[in-house]
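Please model the entire structure based on the sequences and the hints provided.
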Amino acid sequence: MPPSRPTPIVLLLLFALTAVSSSPLPPEDGIRVVSAEKRIDLTGPIVKVFLTLKVENAPGASDASQVLLAFTPTEVEHLAILKATRAEGKRKKKAYVPLSVEASDLAATPNGARLYSVLLSTPLKPGEKTTIEVLYVLTHTLEPFPAEIGQSESQLVYFRDSAVLLSPYHCLEQVTYIKMPSNRIESFTRVDPTSRAGTELKYGIYSNQMPNTYLPILVHYENNRPFAVVEELARKVEISHWGNVQITEQYKLKHGGARHKGVFSRLEYQSRPSMSGMSSFKNLLARLPPRVHSVYYRDEIGNISSSHLRTDSHKSELEIEPRYPLFGGWHCTFTIGYGLPLQDFVFESDDGRRYINLTFGCPLLDTVVDDLTIKVVLPEGSKNPQPSVPFETEQHIEMSYSYLDVVGRTTVVLKKKNVVGEHNVPFQVHYEFNPIFMLAEPMMLISAVFLFFVACIAYLHMDLSIRKSL
Amino acid sequence: MAEPSSSTEASGGGDGGGSGGRLRDALGGVLCAFALLLIGVLAFSIRLFSVIKYESVIHEFDPYFNYRVTQFLSKNGIYEFWNWFDDRTWYPLGRVIGGTVYPGLTLTAGTIWWLLNSLNIPLSVETVCVFTAPIFSANASWATYLLTKESKGPGAGLMAAAILAMVPSYISRSVAGSYDNEAVAIFALIFTFYLYVKTLNTGSLFYAALNALSYFYMVCSWGGYTFIINLIPMHVLLCIVTGRYSSRLYIAYAPLIVLGTLLAALVPVVGFNAVMTSEHFASFLVFIILHVVALVYYIKGLLTPRLFKVAVTFVVTVGLAVCFVVAAILVALVASSPTKGWSGRSLSLLDPTYASKYIPIIASVSEHQPPTWPSYFMDINVLAFLVPAGIISCFLPLSDASSFLVLYLVTSVYFSGVMVRLMLVLAPAACILSGIALSEAFNVLTRSMKFQRPTSDDGSSTAGSGSPDTPAHSMKYDSKTVVKSETVSKEKSSKKNRKDKESQGSSSDDPRMEEKLLVLPCGPSALGIMLLIILCGLYVVHCVWAAAEAYSAPSIVLTSRSHDGLHVFDDFREAYAWLSHNTDVDDKVASWWDYGYQTTAMANRTVIVDNNTWNNTHIATVGTAMSSPEKAAWEIFNSLDVKYVLVVFGGLIGYPSDDINKFLWMVRIGGGVFPHIKEADYLRDGNYRVDSHGTPTMLNCLMYKLCYYRFVETDGKGFDRVRGYEIGKKHFKLTHFEEVFTTHHWMVRIYKLKPQKNRVRGKLKLRPSSKTRSIRKSTGRKNPWQ
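Protein chains in written order, with my numbering: chain A, 1 to 470; chain B, 1 to 786.
Any given hint could turn out to be false.
[As the list claims (entries may be wrong)] Within a straight-line C-alpha distance of at most 27 angstroms, the following computed DSSO-like cross-link-like pairs (lysine-lysine) qualify: (1) A:K261 to B:K309; (2) A:K83 to A:K315; (3) A:K93 to A:K129; (4) A:K236 to A:K416; (5) B:K752 to A:K252; (6) A:K261 to B:K752; (7) A:K261 to B:K757; (8) A:K282 to A:K252.
Hints in this document: simulated from the structure, not taken from any laboratory.
As structure tokens, this is what we get:
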């Protein structure tokens, strides 16, 4: 089906961009892209882009300490993670050094395109070449079309991008590969040279592109992978120095694909599983740490019995099924909770402080988390919490009260939007804790019971009657 | 668990026996407290089978409503709760929850929750609700101990408490998760009786006031409070008739009626019913009689016998005349109301055939049916055989307290015979009397063994090895015979109540002389002890079995065991979760009233009718819709603004209590209000059949269609596993409804009303049929808010 609706917009964008790109840009510090290879992975519900840039500093320029990457405003909005590495060393001893990336606010970008600068660990001397590998992930960029499908239809989505690399630099040679999950591609924009081989589309090789060139393409293809979107995830980590780390995760899950329309026939769903509800999903896999115990999976109306836990020494896998299969636009909520042994996660650092080492992100595989909140509840009496997360998060500290607390527990709250699997990296929270506080609550209980018995004894030995008993 | 406790008690008692009466007495008290504690633990833990075998979840239907009310209370506070108008049920009428609910249970659980949370113990409302019933059954067994102790001493009390802790009838209503009024009401019932008997024994106004408060709690908790307010007057009347009037009786009764009625009127759901309905009438009548009798006794004390006789003849002639006039007026007043001032449920108690004749909605509830003999055996087991012995022992000697127990038993036997649900009221009476019987039997047997062998080595060792139960009672016998008077005086001085010494003394004025006469030969008594222990053992085994297997299923999640493991059928929650997450918040869901409470609580959607069956017409409307053909049903549902229709269908997996099996009540209740639904149209040879012999009306009604839509395609034949035959009409299409969700095992099917068709040009819309008009009219008439 040829796309009709978005075409004018695409044309307009094309026009605008080319118009702007013709205007001269302030010359960057002599960097140009020798060759660029962009591999777009569209097999899942998210868009993963691997970008290999071979950049060269012009012989006459000064040292370059950064390389700029450009994104359209839509991409920036949906950009979940952006990572860059630099290949160093020769063939045999090739090593990838991670580079830090930050948003750059250089003004001179056409059409609101945003620049991100990759900070090079060692400046690029004039005339030198280097290879930078960039990975970025975009969420919610695949637009289902048609937006509503019946039970027996499969899900088709639009993907929009540019055939050439959007870059502030002059680009000598560039190619784009797009990988699809299946052979079924309804349509794609041709920007010659364009070729299709099985599940892969190839745009290019384009040579000698001007800076800020944008050639919009539209790919309409079949994607029946589960579009599992966790709209809200609240993870709560409670540390007890008596030996347990308790984690509670509350999920609000949605099928983010094409909306389900009309009837849901269980008969069709059960008798013809290959034909019906292809884009729906009924189970999810959560990868939990090893030695996990007391796992539960429930929602607000009770336990959900359809889950399986497999554990081995490296990892635990929890396979969960929501109460009903999720079709497009359907929601469900559930809670997963589990305990972990303290010694696997809480350590004492050299300066006497303690830290907990946990994995950021969502344990469910292949999901996008729109809104992630991690609360690390430190034991009562902890002081000076310091979270260290390898990327930007919104942080604040609050107090929470649990079993018989008097002063309350210091709670570190970390918030992040748009979280994908690539965010599942370790993070730490450092804090000070005096083990004497572990005894506070037992002592409180003991004294309460003691006082109760003292009161009983006192009562039994006192005569409270007004009249003397005869 | 009670048994080990008694064994420790026995050994402890033996130790204490050496070192003086005082120490032994103290030890006895401590051991008694310890035994009670263990009985409480037993009562609590035997009810946890449901949590262990299934999960910590609210059970069945009514508890879901109570849970929802508790959630509201804990979220919005008590004042909001009193004024709560619930617009999510009985659409479009709504329901004033605060004024139509017995708030005792909710307030209790709400208070527990609030208390825990103010101690920073973050238990959820659900957890508190789940465990309220087990906690209160522990309380109930302690109250049983107190009540029995008041009439027959602590040994019988412990026995009765242990029996009550595990009586299946009570377990069936108070397993963890069964969050229903009865859970706390039985405690309140027994405790009120205890305080009444305590007041009767002591004549203390303090206990009388407590009694009124306890009665107030009972009124808050359960509609069954009318049992108390009729039973106590009956007992008072019995006492007066048998010439046992005393000032203690007056103190026990008069404050209860005055304070209790005032307090009862404070509960919104009771209100002026506390003085206006016939259920309470007996208590006022007896109140008057009691005063007359008190006056007579007073005057009798003032006047000489001769003068008294004259006065009596005078008063009787005048009084009778006045009484007749008053009685005539009262009878006329009462008779002028159609139900004679009685509520439907009470009437069906007095006349067991009443409900099935006039109110199908009461008759349709399975727990309102009369019980069968096996259910007696299931619910009270060996107690049924022990109770007569208990009655006999209550008559030797007959005290006020024991006569009360006998009266309680006799009335509750009657009520349990009328309604299976009231078996619950019988259970405490049966437990108390069986406890007394067992305790007395052990008492007699161990005593005779002891007197047979003065050395008592042999006897006690066999008894000790035989069962832990016996020594407990031999110890009790010791304390009772040897240090009885001392115990009594100790108790009294500590409680500062001199008065009940005489009453207690009168009940236990049997010295050793008399007991020696009751000695049995050693062999038979040992055999008797063994048999009694076996009987107790059988009872315990039965109770544990009943608790574990029969009464622990939460009924919202079903399990079945087959050769390839355990199958879980969680379809109800699947459907409710789907409704709750994938429909609009204000959508209305129509289903048969059984599922109303669950839908509002679990799916949070507005329902048309629910388990609080206060409006018969509304239920009849839904029943009519379900038994009408599709188009007519669509019109009824559309007029009620319904968007989804939910039916429960067990034909695929063989779940018997589905909507097709309940269908006769839909027809009956619907036909009771809307005469165009005739039961005969649905019947073939007196049966509701859905196979090829089914009537066309049956095979075309909405319920049939919604249940069996595309069912035939599952196996090609349409074999219904509940009914055990192939369905009658196999291939059909739905014109006015569309399937939007069916659960995994097809147990719940949800349909959506198709939107109204566009008007076709040139074709006038038909006038609404007379049927819908009559419905409109009737709902409009019944609905004060429209």
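- Could you work out which earlier hints the structure fails to respect and list their numbers in ascending sequence? Of the numbered hints, just 1 does not hold.
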